[in-house]
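**Student:** Each chain is listed here by its residues.
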Amino acid sequence: MFPMNAWYVACTPGEIDEKPLGRTVCGERIVFYRGPDGKPAALEDWCPHRGAPLSLGRVIEGKLVCGYHGLEMGCDGKTIAMPGQRVRAFPPIRSFPVIEQHGFVWVWPGDASLAGASALPALPWANDPEWAYGGGLYHIAADYRLMVDNLMDLTHETYVHATSIGQPEIDETPCKTTVEGDSAVTSRFMNGIQAPPFWRLAMRAHGLPDDRLVDRWQICRFHPPSHVLIEVGVALAGHGGYEAPKDKKVYSIVVDFITPETATSMWYFWGMARNFRADDRALTAQIRDGQGKIFAEDLEMLERQQANLTRWPERKVLSLNIDAGGVQARKIIERIVAAEQAARAAAVPAAA
Amino acid sequence: MFPMNAWYVACTPGEIDEKPLGRTVCGERIVFYRGPDGKPAALEDWCPHRGAPLSLGRVIEGKLVCGYHGLEMGCDGKTIAMPGQRVRAFPPIRSFPVIEQHGFVWVWPGDASLAGASALPALPWANDPEWAYGGGLYHIAADYRLMVDNLMDLTHETYVHATSIGQPEIDETPCKTTVEGDSAVTSRFMNGIQAPPFWRLAMRAHGLPDDRLVDRWQICRFHPPSHVLIEVGVALAGHGGYEAPKDKKVYSIVVDFITPETATSMWYFWGMARNFRADDRALTAQIRDGQGKIFAEDLEMLERQQANLTRWPERKVLSLNIDAGGVQARKIIERIVAAEQAARAAAVPAAA
Amino acid sequence: MFPMNAWYVACTPGEIDEKPLGRTVCGERIVFYRGPDGKPAALEDWCPHRGAPLSLGRVIEGKLVCGYHGLEMGCDGKTIAMPGQRVRAFPPIRSFPVIEQHGFVWVWPGDASLAGASALPALPWANDPEWAYGGGLYHIAADYRLMVDNLMDLTHETYVHATSIGQPEIDETPCKTTVEGDSAVTSRFMNGIQAPPFWRLAMRAHGLPDDRLVDRWQICRFHPPSHVLIEVGVALAGHGGYEAPKDKKVYSIVVDFITPETATSMWYFWGMARNFRADDRALTAQIRDGQGKIFAEDLEMLERQQANLTRWPERKVLSLNIDAGGVQARKIIERIVAAEQAARAAAVPAAA
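Chains as they are written, first to last, in my numbering: chain A, 1 to 352; chain B, 1 to 352; chain C, 1 to 352.
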């Protein structure tokens with residue numbers, strides 16, 4: 001259950017710099033590579049000659065050359081050449097809209113003619129030199145919506161991430177969920193608390209005393225199809241919290257691009273954008289490693305939760321106040337998918 | 001094909017001392033842990049909040065705390081508390097009768113209201129300081145009844161365990177099978193033979209000469225649902241065999257608790273209880289290691305036999321005299337399962 | 001889709017010298033071993049007693065003894081003996097025609113009464129002391145016909161084996177395919193070219209200068225059910241190529257016996273027979289290692305191609321001129337399979 005007509009993160013730019021990459025997105029087997037102009041291209045991972053995966057091939061001067069018998073494929077899905085063959089009548093393969101922006105390669109797995117209708121998310125930090133970004137990729141055997149749930153309800157931090165970012169006050173402080181068009185927002189403000197280990201590290205990195213009480217905030221924003229951006233930060237207590245002046249707070253954005261692979265598996269691009277010490281690459285690496293360990297703690301939980309849901313398909317789960325963010329996000333997804341299905345049905349000729 | 005209304009060994013006590021244990025028994029996914037009084041508890045491995053497995057959680061003061069969002073579950077399957085929530089209306093989860101006795105944790109996967117109707121097996125050695133016990137656990141991808149067959153026909157020792165407990169005389173000596181109510185007993189008495197390596201070791205441990213001819217016995221007792229206890233021993237030849245005075249013989253009980261996991265997999269709790277040198281822990285460890293190696297020799301055979309039976313489902317196997325123990329055990333199992341099914345059918349309201 | 005009434009390579013002789021071998025051929029689970037006269041025997045891998053795989057047993061004086069309870073099986077599928085049992089009424093198991101010849105053990109998985117009707121392939125080099133043979137075995141998760149395709153279209157060498165036997169001239173030189181009865185032949189002659197690395201090695205081994213232009217040939221012969229023998233070689237340019245005198249050329253036969261395991265997996269027996277320095281065992285080993293590495297390059301391609309074909313079953317592939325060898329081989333296979341099916345249908349009594 002995922003929208004097809006949407007931009008998903010397919011890979012990071014570095015993944016296709018050296019050689020083609022085969023990756024399934026929303027059930028579509030796709031090969032990603034860099035075409036003649038260095039821009040990313042995305043095609044069905046199928047050589048029209050004998051069905052070999054093109055992702056096992058090589059890129060030569062922007063042409064994707066099949067690794068089996070040398071068929072040369074163009075970015076538009078039309079065969080350019082093949083040794084000793086006339087290729088004009090070769091059946092084309094499907095190409096997918098793809099674009100490199102904000103430090104990611106994005107793919108549109110649905111109807112290419114609609115690709116312009118939906119914009120890429122606005123990520124101002126991605127192109128701002130005052131911000132730094134570090135992140136990674138996990139493959140998780142679970143419905144991508146379980147990750148949306150996870151990120152829209154941060155009370156799990158107290159239990160899953162007890163030693164890094166979790167603290168009892170998250171549980172104890174009510175959150176507030178609102179829906180703005182196709183976005184859902186869940187926010188929580190905790191005032192006058194001790195900062196947990198991760199934030200004490202960040203405070204020190206920012207030149208703030210790490211033993212003072214802080215005001216902490218978490219603002220989770222879901223954007224369809226499956227992006228969750230979370231504003232997180234702490235300010236020295238009593239300076240206005242989220243609104244505190246820059247030298248009294250430290251904050252960042254937890255970045256989550258969740259790409260369905262199949263109905264029960266996903267590619268999870270996680271990372272953190274921060275606007276302090278943006279030039280400090282060692283700090284970027286340190287934060288990425290720390291975040292990678294923290295986010296890995298969710299993997300087993302989600303995969304085993306998925307196994308339980310698969311085992312007991314008829315069983316209902318609860319929707320509590322803390323789940324409101326995930327519930328609203330799922331409603332938005334359902335609405336979009338239903339609209340897509342209605343549009344497809346309407347496109348079928350009436351005479352059929 | 002297994003009785004549901006019966007006590008099965010779920011785990012050893014040590015497996016739940018530190019943290020909860022998730023284990024499937026008779027097709028039921030169950031979490032085992034120690035409740036407020038230190039007594040074992042058994043619940044469906046499903047958090048009513050979002051379906052996470054409770055076995056990934058922690059036990060705090062006897063309450064099972066979900067590792068995802070902190071729901072606190074009671075031993076009766078009712079939610080005790082959850083941060084920031086009123087839990088009274090939370091749907092209960094199923095709890096299973098469970099008891100710690102004889103050095104094992106036993107679970108009743110069927111109808112809890114019938115749990116008192118069937119007693120745990122009597123295992124006098126388990127609570128007798130003159131006896132020592134050592135054992136282990138194997139997971140085997142085969143119908144549990146293949147293990148019952150295996151243990152009720154020890155002629156396989158000659159072939160599978162040729163270097164330890166097997167010897168040609170087992171094959172050459174007829175066995176006798178009787179049925180007493182719900183128990184099946186297969187016994188074999190071999191007189192005036194050489195003791196095989198395992199028993200020569202036991203004789204030395206018992207202060208008996210290991211180069212003398214012995215009378216050897218094997219008495220396999222099947223008790224439903226799937227327990228096989230085997231009295232085994234050797235006596236110096238001519239002193240009465242099984243009935244010989246204590247100082248002329250060495251004997252023990254091979255203990256086999258076979259717990260179905262699914263229709264084609266099992267948890268196999270194996271061990272040996274002995275009444276000589278009961279305080280010698282090094283000997284206990286030595287015997288356990290030796291038995292573990294011997295019993296591991298059965299694993300590949302049973303798993304590959306299962307693969308053959310799955311591949312050729314329509315094919316019949318033979319039931320020879322040596323198979324009588326297993327055949328009778330299967331008949332007892334079938335009778336019990338049929339009675340359970342009849343009782344379930346009778347329980348359906350007539351008006352339906 | 002494979003002929004059943006045909007000889008397939010089951011294993012190499014050494015694989016059954018020490019103990020029985022369980023291997024599935026054309027969907028049949030078979031145990032191979034050496035009978036009383038040292039000749040190979042082939043039986044269903046099923047003990048009539050309790051369904052254990054006989055391949056877990058031992059061979060004692062030419063009898064296959066089940067590793068579970070000691071049943072002794074004869075080469076004809078009839079039980080010879082079992083400790084304490086009368087075995088005359090034991091149901092026989094199926095035996096398969098099997099023969100050791102040309103350095104391989106061959107099995108006939110189909111109707112045994114037809115086994116004489118089709119001869120083993122003639123392999124004169126196999127019994128000629130002027131020739132040496134070295135080879136190996138790969139298990140590949142792909143339809144065996146994908147390997148036939150692979151071997152009947154050597155243009156893939158340019159891409160898959162670029163660093164050893166591939167060279168652009170293979171692509172650039174048209175091939176010619178003919179069908180002679182049940183054989184298909186694809187040949188390619190490349191004159192006045194540089195020899196690729198593998199052939200330069202062979203020229204040096206043969207005492208020829210390795211820096212001279214050569215005429216190179218590849219003659220691929222498909223014989224049903226799935227044997228591909230490829231004459232390959234190079235001669236110093238201008239001496240007649242394939243017809244050049246012996247001291248001006250170096251040549252060998254690439255030997256490929258492809259045995260279907262299931263519809264989507266195969267046993268691939270590959271090797272090379274050469275008629276130069278036949279006594280040089282170090283050279284045999286060197287060539288086998290080199291060929292093993294080269295042929296391993298095909299594995300991932302074929303397995304991923306199979307995954308693509310399984311994923312897109314309705315999708316057609318192209319049949320170009322370079323594919324003619326594989327296409328003709330498939331037609332021959334289809335004709336044989338259709339004839340087998342027709343014969344089976346005709347054998348059904350009309351009254352049914």
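Keep in mind that the hints are not guaranteed to be accurate.
[As the list claims (entries may be wrong)] Sample of chain A residues facing chain C (criterion: CB under 8 Å; computed from the structure): (1) 50; (2) 67; (3) 69; (4) 85; (5) 90; (6) 320.
None of these hints come from the bench; they were simulated from the model.
For glycine and all other residues, C-beta sits at the position ideal for the given N, C-alpha and C.
**Student:** For every hint, state whether the structure bears it out.
**Tutor:** Hints versus structure:
Checking residue 50 of chain A against chain C: minimum C-beta separation of about 5 Å stays under 8 Å; hint holds. Using the Cβ-Cβ criterion of 8 Å, the hint placing residue 67 of chain A at the interface with chain C is satisfied: the shortest such distance is roughly 5 Å. The beta carbon of residue 69 of chain A is positioned within 8 Å of a beta carbon in chain C (closest approach about 5 Å), and the interface hint is therefore held. Among the interface hints, the one on residue 85 of chain A holds; its C-beta lies about 6 Å from the nearest C-beta in chain C, closer than the 8 Å criterion.
The beta carbon of residue 90 of chain A comes within 7 Å of a beta carbon in chain C, closer than 8 Å, and the hint placing it at the interface holds. The beta carbon of residue 320 of chain A comes no nearer than 40 Å to any beta carbon in chain C, farther than 8 Å, and the hint placing it at the interface is violated.
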